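J.: What follows is each chain in one-letter form.
2 protein chains.
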Amino acid sequence: MKKTVRLAKNAGFCFGVKRAINLAEEASSDHPEIVTLGPIIHNPQMVEHLRRKGISPVEEDDLPTDKPVIIRSHGITKELRKRLEETSPSVIDATCPYVDNCMQHAKQLSKEGYPVIIYGNKDHPEVIALKSYIAGESYILSDEDRLPDKRFSKLAVISQTTKSIEGFQKLIGKLIPSVKELRVFNTICAATSVRQSSSYNLAKESDLMIVIGGKNSSNTQMLFNICNNIVETLHIEEAEELDCKILEEKSNIGLTAGASTPDWIIVEVYNKIMKCFRDEEKLISKIKDIPGYKEE
Amino acid sequence: MKKTVRLAKNAGFCFGVKRAINLAEEASSDHPEIVTLGPIIHNPQMVEHLRRKGISPVEEDDLPTDKPVIIRSHGITKELRKRLEETSPSVIDATCPYVDNCMQHAKQLSKEGYPVIIYGNKDHPEVIALKSYIAGESYILSDEDRLPDKRFSKLAVISQTTKSIEGFQKLIGKLIPSVKELRVFNTICAATSVRQSSSYNLAKESDLMIVIGGKNSSNTQMLFNICNNIVETLHIEEAEELDCKILEEKSNIGLTAGASTPDWIIVEVYNKIMKCFRDEEKLISKIKDIPGYKEE
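In the order they appear, the protein sequences are chains A and B.
For the first sequence, my numbering begins at 1357 and goes up steadily by one.
For the second sequence, my numbering begins at 1357 and goes up steadily by one.
Please keep in mind that the hints were generated in silico from the structure rather than gathered at the bench.
Please note: incorrect hints may appear among the correct ones.
No copy is singled out in the list; a pair is fine if it fits within one copy or between any two copies.
[Said to hold, decoys possible] Derived BS3-like pairs: lysine-lysine, alpha-carbon spacing no greater than 30 angstroms straight-line:
1. LYS1526 <-> LYS1510
2. LYS1601 <-> LYS1434
3. LYS1463 <-> LYS1438
4. LYS1487 <-> LYS1359
5. LYS1358 <-> LYS1463
6. LYS1571 <-> LYS1510
7. LYS1478 <-> LYS1530
8. LYS1359 <-> LYS1628
9. LYS1365 <-> LYS1530
10. LYS1606 <-> LYS1438
11. LYS1365 <-> LYS1506
12. LYS1560 <-> LYS1506
The structure displayed is predicted, hence computed values, not measured ones.
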């Protein structure tokens, strides 16, 4: 049986994540120790990799006053930003520009008197940050949540950048009958939607999908859900979680990775699969672009 | 076999139609001859009824300059309104206030630089009027039409007041992926949607639906489509079109009527059904409210 392994056309690091990692690494060349407020991205392996370079995540309560602080890609609340600016010697803002754009919309809509619905997960740091910019009435709704039990003369809707477009479309559809003026900002990141659609397409042609990315990564979880609706799907963070046994009966393996998954982990997983197949081929095409990656 | 005839909870004249008829009748008490620009409502029987009172529809090219003119409930184009104001001795504006509200939104959105999509039928007078108030880019889309083949940074959507909410929801859903900011004014009239939902509910409990209203009435056609998807449905304009034969095998007859259907026609249809059933009961409860109706 001929076996194939294919990587989704769009997978791995997005613009905002690359930018955050680059900002952190640039800063670390000037400062031996830097802190990030929470994990800089939702990928434990990358966080560990940076820790070895002196870039460590800290919790809000443990913020040092003598080290530069990096605001991670998900952004932070208005209140916390104010506190950072008062207490930290230097603040490096690695908030994803698309997330920041979403916050600007939230602020403006609220100022214009629109109640705002955030389509997102209420515990996600991006959503928590976003909500802090809304002065007036607001709601956080995800797929299973009930709509507010009222009619609105006007209402705005924005989305966590990493939610699925299908869920967003459904929510908007459900809102229409009870709203006179609905103002929708489609703030779902293009990187998110192309990762979703290319994973979807690959899943349809595979008999096993492997989704690589942080267990705490919302966009990775979404890729898992999309693929798992189509075909048997595994969600792993790194190569060592992969058991060769599961590959035995499979002939078309599809690989995809969340926007916070570094390429070297994708390569490791690919090589692990190849090892399982007792094959010598390697996925080397992407090694060059990996920030901070050294061949071992 | 016990037979029942039930009238949908919401059926017949809506606020805007009642208002237009009342305005016309009030005006006719001062002027022996008045013209309406096109049929005042989409119901040939009511138009004929008014004609006998000296209120006659004329086409745009035959506009008299010596008689008062009534602008009908669907409204007219900006250009035609200007012309009327210049040439007619007096103009009575019977544009439905909900249609007028929709025009105000169209005008304002266009002024704010939004391309505007009108969800409606391109030949409907309301839609033709609406479009004339949009100075910039605009599109008229109905259910089968393809979306514009482009991405929009901002886009507004309004609806003909008598379209179905389900179709509107579907259109909005389809637009979302290709638009950054989508501004939706749900201008579907509540009277339209309650007529639709009460017809839908009644159809589910009937084995024949009879939809009464002008063959040229968009909202009546919509009621027909909704009912016809559920159960065998007839669309008639008046009682004489009803053939007793079709009722023979039916035991639960549902009646509904478009927003431009006068109550006396509903009563006539009901009486015709009762005659078919050789039964003496009459649906007399609504006769009182019918504008201009005299028992014969």
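J.: With identical chains treated as interchangeable, where does the CA-CA distance between LYS1359 and LYS1628 reach 30 angstroms or less: within a copy, between copies, both, or neither?
T.: within (14 angstroms within a copy, 74 angstroms between copies)
J.: Measure nothing new, just compare the shortest in-copy and cross-copy C-alpha distances for LYS1606 and LYS1438 to 30 angstroms and report within, between, both or neither.
T.: Classified as neither: same-chain Cα gap 53 angstroms, cross-chain 73 angstroms, threshold 30 angstroms.
J.: Evaluate LYS1526 and LYS1510 at a C-alpha cut-off of 30 angstroms and name the case that applies: within, between, both or neither.
T.: This pair counts as both: shortest intra-copy Cα distance 19 angstroms, inter-copy 20 angstroms.
J.: First find the shortest C-alpha distance between LYS1358 and LYS1463 inside one copy, then the shortest across copies, and answer within, between, both or neither for a cut-off of 30 angstroms.
T.: neither (55 angstroms within a copy, 63 angstroms between copies)
J.: With identical chains, the pair LYS1463 and LYS1438 could be close in the same copy or across copies; at 30 angstroms between alpha carbons, which is it: within, between, both, or neither?
T.: within (16 angstroms within a copy, 42 angstroms between copies)
J.: Have a look at LYS1601 and LYS1434 and pick one of within, between, both or neither, based on CA distance no larger than 30 angstroms.
T.: For LYS1601 and LYS1434, the Cα distance exceeds 30 angstroms both inside one copy (49 angstroms) and across copies (73 angstroms).
J.: At most 30 angstroms between C-alpha atoms: does LYS1365 with LYS1506 qualify within a copy, between copies, both, or neither?
T.: between (43 angstroms within a copy, 23 angstroms between copies)
J.: I want to check one pair: LYS1571 and LYS1510. Are their C-alpha atoms no more than 30 angstroms apart within a copy, between two copies, both, or neither?
T.: So LYS1571 and LYS1510 fail the 30 angstroms test inside a copy (37 angstroms) and across (35 angstroms) alike.
J.: At 30 angstroms max between alpha carbons, let me know whether LYS1365 reaches LYS1530 within a copy, between copies, both or neither.
T.: between (32 angstroms within a copy, 24 angstroms between copies)
J.: Which holds for LYS1560 with LYS1506 at a C-alpha limit of 30 angstroms: within a copy, between copies, both or neither?
T.: between (40 angstroms within a copy, 27 angstroms between copies)
J.: Using 30 angstroms as the alpha-carbon threshold, which applies to LYS1478 and LYS1530: within, between, both, or neither?
T.: Intra 20 angstroms, inter 26 angstroms, cutoff 30 angstroms: intra and inter.
J.: Have a look at LYS1487 and LYS1359 and pick one of within, between, both or neither, based on CA distance no larger than 30 angstroms.
T.: neither (47 angstroms within a copy, 58 angstroms between copies)
Hint compliance for this structure: hints 2, 4, 5, 6, 10 are broken, all remaining hints hold.
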